[in-house]
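> So the sequences go chain by chain: A and B. Residue numbering for the first sequence follows my numbering, beginning at 1 and increasing consecutively. Residue numbering for the second sequence follows my numbering, beginning at 499 and increasing consecutively.
Honestly, the hints are just simulated from the structure, not real lab data. Mixed in with the good hints there might be a few duds.
What the hints assert, rightly or not - Below, simulated PhoX-like cross-link-like pairs (lysine-lysine); rule was C-alpha separation at most 25 Å, straight line:
id : chain 1 : residue 1 : chain 2 : residue 2
1  : B       : LYS519    : B       : LYS803
2  : A       : LYS107    : A       : LYS245
3  : A       : LYS107    : A       : LYS170
4  : B       : LYS842    : A       : LYS417
5  : A       : LYS450    : A       : LYS417
6  : B       : LYS842    : A       : LYS360
7  : A       : LYS360    : B       : LYS519
8  : A       : LYS170    : B       : LYS663
9  : A       : LYS450    : B       : LYS842
10 : A       : LYS170    : A       : LYS109
11 : B       : LYS571    : A       : LYS170
Each chain is listed here by its residues.
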Amino acid sequence: MRQHSAEQDQDFSSVNRAALLAALRPLLPVANLLHEAEDLKPYECDGLSAYRELPLAVALAETEEQAAAVLAVCHKLGVPVVARGAGTGLSGGALPHAHGVVLSLAKMKRIVHLDPVARLAVVQPGVRNLAISEAAAPFGLYYAPDPSSQIACTIGGNVAENSGGVHCLKYGLTVHNVLRVRGLTMAGEAVEFGNHALDAPGYDLLALMIGSEGLLAVVTEVTVKLTPKPQTAQVIMASFDDVMKAGEAVAAVIAAGIIPAGLEMMDKPATAAVEPFVNAGYNLEAEAILLCESDGTPEEVAEEIGRMTAVLEGCGATEIRVSSNEAERLRFWAGRKAAFPAAGRISADYYCMDGTIPRKCLGEMLTAITAMEKKYGLRCINVFHAGDGNLHPLILYDANVPGELERTEAFGAEILKLSVDLGGTITGEHGVGFEKINSMCDQFESEELKAFHRVKAAFDPAGLLNPGKAVPSLHRCAEYGRMHVHGGHLKFPDIERF
Amino acid sequence: METLLTDWAEQIRAAGATGRKLRLSGGGSKDFYGNALAGEVFDTRGYAGILDYEPTELVVTARCGTPLAALEKTLAEQGQFLAFEPPHFGAATLGGAVAAGLSGPRRAAVGSLRDFVLGIKIIDGEGRILSFGGQVMKNVAGYDVSRLLAGSLGTLGLIAEVSLKVLPLPVAEASLRFELPEDKALEAMNRWAGQPLPISATCWQGNVLTLRLSGAAAAVSSARQTLGGEELTETEAQAFWLGLREQTADFFADSEPGDPLWRLSLPSVAGHVELPGRQLMEWGGSLRWWRTGAEAGQVRAVAEKLGGTASLFRGGDKSEGVFHPLAPVNLAIQRRLKQAFDPKGVFNPGRMYSGL
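Okay, chain B solo, but in the shape it has when bound (with noise of 0.2 Å):
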């Protein structure tokens, strides 16, 4: 299998001296994500398997490739997990959740994917096979190159093989529903994140508040006896979390003609997003999704406004970049990264922003 990198980097090499372009590609679970898609596929799918997994260490190193159903199932048999929780959205692969960078529910609480990168492998558009990071906790040796790959959406490597930090599954967990307004569902949701309560996600919705509790059994116990509510049953509980990770609850699939999905990441302590159309909001505020047919600029305007930035996440018109505009100093060092690992644009071209 180690052959299969070095044939890889022949076939980038290749393109970047033929100046063909190449879109990475695994489950293809995110082709939806970003801007337009450009470039022949590269299908990662042939580098597969994790190759080394201690649960003592914490941590778990897998090629691109590996599904990360796969990869959570033997996780999950250790009593271990991915507490990001990455959505995947299908057939989705650990290199396509790494490229994407997306977390779930649990990201309020825990920390999102980039967080828990502890190493990586990667080709360069040169077709270089570099590593950076390891597979220890704390690594400060070198800029922390691993962390940039999360969430570059391909742009400057090929993910070939990443280490991961993993926990342990939560010993108990329990949902709560209260009836709350939005500003009081806001008001409560960060009065509680203030507290020393084991809140591990949240949702509202049409005046529904959801919410979860995950640790050692006696927090869980003490926090649902402080904090009220109906509580959701087991059954019940997985479904819902389940289809807010993967975006098959009612809010994201009963797609309405003209309402494409925005992502609105603001300060959890914004106030209302005024926006024609509906809204659902995660991560204790800090994430609020819109099915709204407003122009761009309008939703981009209403979320830099309250300190945040607004992505176009799934549909609308992609033409003007789904991605919120950068400062121009920062899309200098951006567009100079991309040219430091791939300097001849062979990888993902414009996936994320014109020009990287």
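Bound-form chain A, shown alone (with noise of 0.2 Å):
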């Protein structure tokens, strides 16, 4: 059998496509087996549709027993599998393999059990976000995180991501609110991480499990904690004329020793790129605004609000609005929920970054931003989760332009090296998948790069899951590295270049 390698990526184009489809027709329905061109085209990308492709077939599973057979097909056959749920995710995670299968989650939909005593829910891969928190509402409970495309995406999908959110800062990402996570092997065993007490023996394999972007173990069943609903909220939006100043007032707020329930921030651009789309009621004459949640009972939101208050003035806010209502409170979020359709509206393309840095950093990083528009012509609106350091740089641009996704992409791969060098990290929540993968060669050093290889080998010996995602080769390093030498310093020495 084909061994997993830290060294070259694997060549899958051996894989026989008539046998492929010979052996695994008796394992599913047949509509539930996709492999005309037409068919398929609907699975040659996920959220980020700069890149596509093709795969041989898509099997869509309804059982675990369907998944696992599928996964001991392809394991034989020495066949690529790519996981999917929703296909929301903005890296290229769920790009298909050309000479592999997806294998898709989306009609395992269903809540197997809720259970608000324990404050947790069974729930199947395909199960949407949203769908969890509605489920559970009749009972005053809710599952905290809430990425923006929550309507849309899935829970398989979010345990592949770590999905974080705007509420994250304070009730934790996907990691701190998963309990259990059952999966398959790529043989098609059937293995559990974690269980419903608050801590399992042995290795913690289901942190792990959670943010490996379908490189370990294919999701079957997730246990979610449910949070109890808190009885009120508020949210300040603070205007600011200088984008310096909000990010200082975003440190200030942690430094009085308060974490919002949220703490996000958009720039000039990004507030006139969504006001005319939800009409929030934004302050478009302010370089910056922050939004700043608080949450909990009716006194302690009104004693936090206060004290937010006074330090957001204390940090030379020009206007400060409190919402009054409900139907503000959420109007006001509406806004920051709409940013990545708003970019949409108002350009061709766009392209979302992710990177995470230290909140220092933040007035650096925007002042770097602006020299980076210069640079590269290209126009880029800011939206970040101020509150977690995490950035959301919306970079505009239109595909139809010759050089422009090149120009685009540079652009990109600058604010995530930048990142690196500020001592953060090129993904906060979205993932590398495709996407980043060359830029995890600027993030790892060739010796942590080949330790990500041996934990993949140790649930995936054949390298067959999700291959060429999230972790890249130390071939493909060098052949990045030889584009990109940095400062006349070679980071990966000891690999042998063509």
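Both chains are sitting in their own frames, so use the hints and assemble them into the complex.
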């Protein structure tokens, strides 16, 4: 059998399509095995449409048994498998493999069990993020991580990406809100990580699974933690005449010992883009606005809003507005949540970045991005999960203009490089996927990358789950390094080069 | 101090080359925990000190040998703390606390030690110095090796440096006490946990339920009104929660001959545990400590039937392994992970499971 290797990407060109389809056919209802080009087309990309590829086949599993059977066949035939939920990912993590199978879990969308007393829900991987909170709402509970795509994205994908959202500063990421994951190894063997208690013996494989981008195992069931819904919430919209001041205000709120339920920042181009779209009531004169939320009991919220207002005023906010009712609070947030579609409205295409930096570097990063706009001749609008230092610069471009996509990619790579140089990371919540695989060579040395490959091999020795994503081969980094030699320092000197 | 790590890496490589085994040790405060100790002591206390701490970033990075008490003192001076309240059990070091992965009374409310780990630097069994994660709250670049190392009992690598998320100290706290039998206490803890109450710790023993409220002054005061009960004085409360966290309370300390301490990790809604002996519950019912002389097989079977696991925490017969047995597929993955980081089996042989 082929073995996964850190050195080289594997070559799967010898996969026999006819033999694969013949082996898959008996495993699934006819309608659940797609292999004609027009049926495969909807699966050619995920939320990052700049990269497209047709797989050999798409298998739509309705049960764990079907998924296991598909995996076992692919394992036997040495065929790569890319697991897929709703396909809303933004890093090309579900980009098909040209010689592989896409295993869709979207039909497994049943909430198996919801226990309001134990405050947990057992759900299949294709259940939408928001559907869990909707099902829990009658019990005064909800599922805390709320990525902006929560109306569509599935819990299986959330586990793969360790998704966050605007409230994760206070309530944590997926890794903090999942108790148990049931899955299948590439060989089709069922495996469980975690349980319905608060810890499990042995190494923490649950933590390792979350955010592993479909490279370690295929998720077939997830137990999520449900959180009591706060009695009330209020949000402050604070305007600033200077982005640096807004950045400093973010640090000042934290320094005052406050963990807001949400702390978001939008720059002037971002508010200008969303305001005509949602009429959120943003101050369009401001260079930057902060959305600063408090939740809890009415007394607690009143106390915290008072403290946050004082801090923001002390940092030079030019205007402070506090939501006076739930409708207004949701309107303030609607603008933030609509940033991506609004970007799509004002530009033919946009490219969303996801670097995370220490909060104290927000101002420095914004200044650098402004300079990059001039350098690359492209506009960029900025929305940040400021409380976590997680940036979502949206670079606006037009794919039909020759050279713009290339300039956009170079712009994005420079933002990511700066994120790493400032002590941060190339991806806070969207994942590496296919998109940022070269930037991984900036963030990690070859010994760490080799360690990642050994971790992968511990779960998937044959290297068939989502190959070519998330962790680059050393060969790829050497090639990338040849294009981008950093200050004359050759980063992967021990690799043979072509 | 940086050369110390490269020296250690060299010593680890040399140990691997000659088949020697090393027992990684900080303050030795958790020597009682895990399977029998084996290997030559490798003292990690020489690599100590806080490397980076900016309170507004809510992150601290420190070396493994930093005394946990010194780290907590530095945080407290800035009005911050390690919210998972790691037990010290003596002269604990940061590296040892992360390797043990244990969390204290606040765990059910705020998360466990591993939830607060953001980044790590290790020396693996081949003497490679590796860094994973970072100093930022959100980071999904590469597998989450930092959290894998938390609770690995030093079997995968020497934890040299750790970055942890820290939180502001609660503005207000209050502790309440209720007379309640076990079933009523379990029912109450689960019911309250489903409501937006600022409960930060619970403990039930001998028909007394004690709970702690933490948060904004207004939230603590309104919850105190809602819940009722008898309030502890501040001194009583501090002594009570410290005794629980450090296991100096009578339940843990007054050892009766032949009664080892078992740690049962169960769903919070699991009912009465049918065992001889005495019980103390924490974490809203998810953690049940038992002083019992029952056979290991019986304790484990009871825990499994209730959907959880049982580990022998202190005392008793360690020969069969103290941790709950793993499913074969999990054990196989864990053995391969051990191979990935420590193929020569240099570190803490058998401390967690035989072969790991």
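> Check the structure against each numbered hint from earlier and tell me which ones fail, lowest number first.
1, 2, 3, 4, 6, 7, 10
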